[in-house]
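Chain order of the listed sequences is A and B.
Numbering-wise (the working numbering), the first sequence opens with residue 1 and increments by one.
Numbering-wise (the working numbering), the second sequence opens with residue 1 and increments by one.
It cannot be assumed that every hint is accurate.
One-sided excerpt, in silico: chain B residues whose CB lies under 10 Å from chain A [claimed, not checked]:
#1 GLN37
#2 SER50
#3 GLY135
Result set (DSBU-like, lysine-lysine): computed pairs, CA atoms no more than 35 Å apart in a straight line [as the list claims (entries may be wrong)]:
#4 LYS84/A / LYS115/A
#5 LYS115/A / LYS181/A
#6 LYS86/B / LYS233/A
#7 LYS190/B / LYS150/A
#8 LYS74/B / LYS141/A
#9 LYS150/A / LYS199/B
#10 LYS212/B / LYS141/A
#11 LYS35/B / LYS186/A
#12 LYS160/B / LYS141/A
#13 LYS31/B / LYS301/A
#14 LYS157/B / LYS151/A
#15 LYS160/B / LYS84/A
#16 LYS287/A / LYS160/B
#17 LYS186/A / LYS84/A
#18 LYS151/A / LYS126/A
#19 LYS199/B / LYS151/A
Bear in mind the hints are in silico, worked out from the structure with no lab data behind them.
We put the CB at the ideal spot given by N, CA and C, even for glycine.
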Amino acid sequence: MSSNYFKVIRSGINSTFQDKGRSNLYHLGIPFSGAMDNRNYLLANKLVENDLNNPVIEFAYQGPLLKYIGEKIRFTITGDVSFKIKSKTSEIDGNCYETYEINNEDEIDILSTNKSVYGYLSLSGKFDVGYQWGSCSTNTKSNIGANNGKKFQNGQIINISKINKNFNKKRINYINTKIEKIRVIKGTNFNYFSEEAINNFFKKEFKISKLSDRMGTRLEGPKLENINSTNIKSEGLIKGVIQVPGDGNPIIMLSDHGTIGGYPKIGVVISADYDRLVQLPSGSKIKFQQIDLSDAETLFKMYEMETQNLLNQI
Amino acid sequence: MIKNISNLGDAALYCDFGQDINREINSNVIKYFNKIQQLKIESINNITPSYNKLVISFDLKRINYNELKNLIEKIQIDKEDTLNKKIVEIPICCEEPYSLDFNRLEEKLKLSKEQILKNFLNKKYFCYMTGFIAGMPFLGDLDENMRVQRLETPRVKVPKGSIGITEQFANIYTFESPGGWNIIGNTPMKVFDNSKEDKPNLINPGDAVIFKEISKEEYSNYE
Chain A
1 MSSNYFKVIR SGINSTFQDK GRSNLYHLGI PFSGAMDNRN YLLANKLVEN
51 DLNNPVIEFA YQGPLLKYIG EKIRFTITGD VSFKIKSKTS EIDGNCYETY
101 EINNEDEIDI LSTNKSVYGY LSLSGKFDVG YQWGSCSTNT KSNIGANNGK
151 KFQNGQIINI SKINKNFNKK RINYINTKIE KIRVIKGTNF NYFSEEAINN
201 FFKKEFKISK LSDRMGTRLE GPKLENINST NIKSEGLIKG VIQVPGDGNP
251 IIMLSDHGTI GGYPKIGVVI SADYDRLVQL PSGSKIKFQQ IDLSDAETLF
301 KMYEMETQNL LNQI
Chain B
1 MIKNISNLGD AALYCDFGQD INREINSNVI KYFNKIQQLK IESINNITPS
51 YNKLVISFDL KRINYNELKN LIEKIQIDKE DTLNKKIVEI PICCEEPYSL
101 DFNRLEEKLK LSKEQILKNF LNKKYFCYMT GFIAGMPFLG DLDENMRVQR
151 LETPRVKVPK GSIGITEQFA NIYTFESPGG WNIIGNTPMK VFDNSKEDKP
201 NLINPGDAVI FKEISKEEYS NYE
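Throw the hints in and build the complete structure from the sequences for me.
Take a look at the structure:
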């Protein structure tokens, strides 16, 4: 145990360490992982003046309750999150995108994300975490990454190896916008589906199932009829691919997805919509809209510019 | 040797090597994979070889589809480029409680347990690809009379180390995972080891695999 640490009093639903993820390992079956909402992850690190690839705590829905032991440190939370900062003499409601100072025995209680899924906690310092293939990102399915590849457990200790003492209070105004239309590019098996299925896919509403997780978003809606074959020869997948298994319910691949898959691909979500897609909580209703490659590239450039502008404001 | 390149979304190339699953096509895929890996193109995030496809995902901040497609189209594979193959021997125990689906296999294949085992063990397998879960090898090809469909209802949990067959393929479950393959036995050997960062996978595309039967006692004493 180092001299500065958090005690996890309540672990939350799915709290893990994440950074930008690990590349060039799909051929071994190891997914990219990394923070689900890349923009909020970057903002979390920038607000506490960290290197942008510093490990952060990612939580989903209900976050952890952490008791801090050690010398003065600052933290911030990004996303759309309700949280409290409790000390012996006070209890305040925290604002996202604002840095706070905490002292020995203070507590951070992350109650829940609001109409969203993921939030991020970063520190003006460094969590003492293990790295594998250049990344700390935890993949609980293959037990890879920080915390022995596992999500947080009640009662565990999170050590902090370094504290940055020169620090200025920071704050930005940022409101996460909700996405209603997910834009997609036609998939490589588009012609496996009936005309009615294609019509339904682009016109009807789909509901995010509660079985969604870091591996994928599962959707419920009109069953998409396959007129060719419900299996293809297994082949490489990427983030954003929408596979449709035999039951007709689409699944969108997310950060911890299996590296290969054998279901037909009806579409691929564009890169610009990825951060907002992962933030849709179960029960949300969405629609898909088809766009072409050059529009997708332009939209990504715009989204990326927006992210850079936000980072530059800090 | 690449028949066609198209886009998979806005940040990946989808390279098609032909319709069939055979060793020649798959060897071409693996040769391209090796070549592109050697080139260390920094804007590439991942290269995923499979039976007859190569998916190359890239960082859209640094390069786009058309630019990377032009680069990949210029790559030449030398006829002499060969695969570095090794032979891996995997111990397998096919006794209870490891052989989960022998009754089903006997019924579907109309073969006795002895005959199924003999057919399975007398084969040298070829590793087409690894993935889905970390380190899982897709091996082929089983003889025609050994080919069977996936379970109608997949198992929620297939035990770690399970060796399963479906259609012309065999695989090894490197982690406990959901799955629908017919389980013939289990190996005590570590097929994926995440403590070895340079070579976590015991079996890699292009390798040959043979199975050696062991008893339950040998399984428990395996180190």
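Each hint tested on the structure:
no., hint, result
1, GLN37, "8 Å, holds"
2, SER50, "4 Å, holds"
3, GLY135, "5 Å, holds"
4, LYS84/A / LYS115/A, "18 Å, holds"
5, LYS115/A / LYS181/A, "16 Å, holds"
6, LYS86/B / LYS233/A, "25 Å, holds"
7, LYS190/B / LYS150/A, "20 Å, holds"
8, LYS74/B / LYS141/A, "38 Å, violated"
9, LYS150/A / LYS199/B, "22 Å, holds"
10, LYS212/B / LYS141/A, "29 Å, holds"
11, LYS35/B / LYS186/A, "29 Å, holds"
12, LYS160/B / LYS141/A, "12 Å, holds"
13, LYS31/B / LYS301/A, "34 Å, holds"
14, LYS157/B / LYS151/A, "20 Å, holds"
15, LYS160/B / LYS84/A, "42 Å, violated"
16, LYS287/A / LYS160/B, "39 Å, violated"
17, LYS186/A / LYS84/A, "44 Å, violated"
18, LYS151/A / LYS126/A, "18 Å, holds"
19, LYS199/B / LYS151/A, "25 Å, holds"
When held up to the earlier numbered hints, the structure conflicts with 8, 15, 16 and 17 and fits the remainder.
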